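So the protein sequences, as listed, match chains A and B. Position 382 of the first sequence, counted from 1, bears residue number 1186 in the numbering used here, the numbering being contiguous throughout. Position 92 of the second sequence, counted from 1, bears residue number 896 in the numbering used here, the numbering being contiguous throughout.
Mixed in with the good hints, there may be bad ones.
No copy labels: a pair is met if it fits in one copy or bridges any two.
Claimed, not checked - Dumping the calculated DSSO-like pairs for lysine-lysine here, alpha-carbon to alpha-carbon at most 30 Å:
1. Lys933 to Lys1121
2. Lys1230 to Lys924
3. Lys939 to Lys1127
4. Lys1084 to Lys924
5. Lys1040 to Lys1121
6. Lys1127 to Lys1084
7. Lys1176 to Lys1084
8. Lys843 to Lys1127
Think of the hints as simulated: they come from the structure by calculation, not from any bench. Every value quoted in this text rests on a predicted model; they were computed, and no experiment measured them.
So the chains spell out like this:
Number of protein chains: 2
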Amino acid sequence: MAGPAVPSHSDIAPLPDDPAAFLATQRSAYDDLVAQGLKFDLTRGKPGPEQLDLSEALLTLPTTHTSGGVDVRNYGGLEGLLGLRELFAELLGVQVAQLVAQGNASLTLMKDVLVDCMLKGPVDGTPWKDQGPIKFLCPVPGYDRHHALLEWLGIEMVPVPMEADGPDVAVVEALVKDDPSIKGMWLVPTYANPSGSVTEADKAARLAAMPTAASDFKILWDNAYGLHHLTDVETKTADIISLAAANGNPDRPIMFASTSKITFAGAGVSFLAASERNVKWYLGHLGMGSIGPDKVNHLRHLEFFKDADGVRAHMRKHAALIKPKFDAVQEVLSTRLGRYPHIATWTEPIGGYFVSLDVLPGTASRVVQLAKEAGVALTPAGASFPYGVDPQDTNIRLAPTFPSLDEVRVAMEAVATCVLLAAAEKLAD
Amino acid sequence: MAGPAVPSHSDIAPLPDDPAAFLATQRSAYDDLVAQGLKFDLTRGKPGPEQLDLSEALLTLPTTHTSGGVDVRNYGGLEGLLGLRELFAELLGVQVAQLVAQGNASLTLMKDVLVDCMLKGPVDGTPWKDQGPIKFLCPVPGYDRHHALLEWLGIEMVPVPMEADGPDVAVVEALVKDDPSIKGMWLVPTYANPSGSVTEADKAARLAAMPTAASDFKILWDNAYGLHHLTDVETKTADIISLAAANGNPDRPIMFASTSKITFAGAGVSFLAASERNVKWYLGHLGMGSIGPDKVNHLRHLEFFKDADGVRAHMRKHAALIKPKFDAVQEVLSTRLGRYPHIATWTEPIGGYFVSLDVLPGTASRVVQLAKEAGVALTPAGASFPYGVDPQDTNIRLAPTFPSLDEVRVAMEAVATCVLLAAAEKLAD
């Protein structure tokens, strides 16, 4: 399915016979690049303005202030507006009673859950802060904000490999079965950040069922891109909540999602889905600092989408806008780097927000530095790894959605030039 | 200034000569009350629907998606929209750099601050979770959600008396000077919940300057009602941030405010104000779970109010709607209970959302129970005290804003009847 693409070109070039000449060629190309005086930013997975425009009608909604007999303007309704929860329960494949709708950022809900586990303990355990050093498994490459949150809480991160069909479950199983200090793992199941990997149902089932030494092991299932298809293939996310329940671990997974990359990145709605017991646990702690989420924004979204098909149709409009940008990334990388599979490989995602580029080991930092000096801001090398350290110094996350199509093309040409120069420097070393 | 009113009636009744006859009279009145089959809720400080209607124009704002060159729809701007911060900095009497605008609940910011202090330590201290048992001072009667948050975190609450002009500062000073485990205090400085007390500048100055054994002592200054005047007297809240800075304790106070009772209770904007060092500390932790607040809602509020005078004019419309309700409370209580100052006294606030009623000691729970059985839901007796325990069982918080004016009248008649019956039962005991 989705996942790292292996370039298959008939004209694969051998490693250069004459590294010095290769270096001179690449340096010359780079000098030309610097002379262009570019200024582009490919660092963050932000929707572009034309994507935000798709939801402009939200600005004059809702048309009423009541929904299901509730005055959405007033306090209350900690679990979120029923109508919106019903709509997204269908899209996320969960029961309405398993779903909570909240404010503008699922990242906030993830922080809440981890803080609650630390201070108060998960629904099936005691406070993690009282248990000495604890650990989390992090599929790599992964999402830098997931890692930052764990580091902030002093939770040790253990990297596990991310493969095209999900994390290396054999490694996960081996780690968790004997070590009670491993309390959980992150996972972006569909169109993972940054690899585009999709965790297949068989791997999800193993994660749901695997014996864990920690009786309160949690899978933080960040389904940020579950609806964000780039092609006609509308990948179905594995149903981790049902799988976990069926395997006697109903409280293991906690799912997160949001409309941040569906409507407005800064003014959307976030979701948490889990067992009813987990939901009750979560709301109990949430209620210490909330008298209910912004239900006006919930109703605004409900009126805008009307139903699940409304969301699906909306997502196809996003795909129409950003697929050409992803195509441009593939096109430029193939044209410029396809002949050098020993120097660069990259993913060809069918959804999500990123392309994951692996350059010659030991050169990713140098590529980012070269690009910066040429006016192209890339996500820092190592950003997708715990503690910001990519042991191979090989991975670079490309985020093509925010710049215009022309900018993506020019920026990717620049990236290719930097990748080749950094490799040439290394090979000539 | 504001604060508990002492009823001064020429016709003060002596304690009843014949408690049995008094009891029979009150029981008869109560039986008539129950026969009416009322159904009212005076429990929470919620704005009424006609107050929410004042802000209905928000539903079709903003008219644009940019402000100060920022696309408010996208990620970013962790500190909140500049224009809105400028507007509320003026109203709250702080510098723009000292002010952060966030989501729909200042209670969330209070929880954040306490969680950050526990897990990571305040800007001037080490994590509170590592310091053994710690304590907070709570002026009583106070806000039940403040107490719940401390109890949730396992922070011991020490009550201190709330007086008409603020907390009993002599008691506070004596407690904090020698006990390093007292890490802070709550304070609702203006039109306190539920007493309506206003902390005067001299008391604020003493709190800002007092020596504390804890070097990281915090005043959580919840200015929830600072703009919520009921009369033409627009009480100025003491400038705790400047006072603390002037006294060498710049990082002691953290101020909270919101538009929850200005625009929409469930869809407003919250604020945190503090020293720039505190703001930087706060944002550093906030950024672990947020890529910026809902700036669309910030712009919506900015467009709606336009400037600080817009907010002031708006607040006068609120006062026009709710002052008659507060007047009705005073009128009914005076008429029915004014002759019995040994049985009941109450505050006559000039702002805020509550009237604090003190009944015959030992009868508050009974009053609430009687009212409930007569169909009138009151805030549970003791709710305004740490751990829900009013040692005198005397205080009842009345919240007259949500019901209609007629309902307030009928409900207060019912309350008066219950107060008298509970007292009669006690006196006949």
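Next item on the list: Could you tell me which of the numbered hints above are not met by this structure, giving the numbers in increasing order?
Entry: Structure breaks hints 1, 2, 3, 6.
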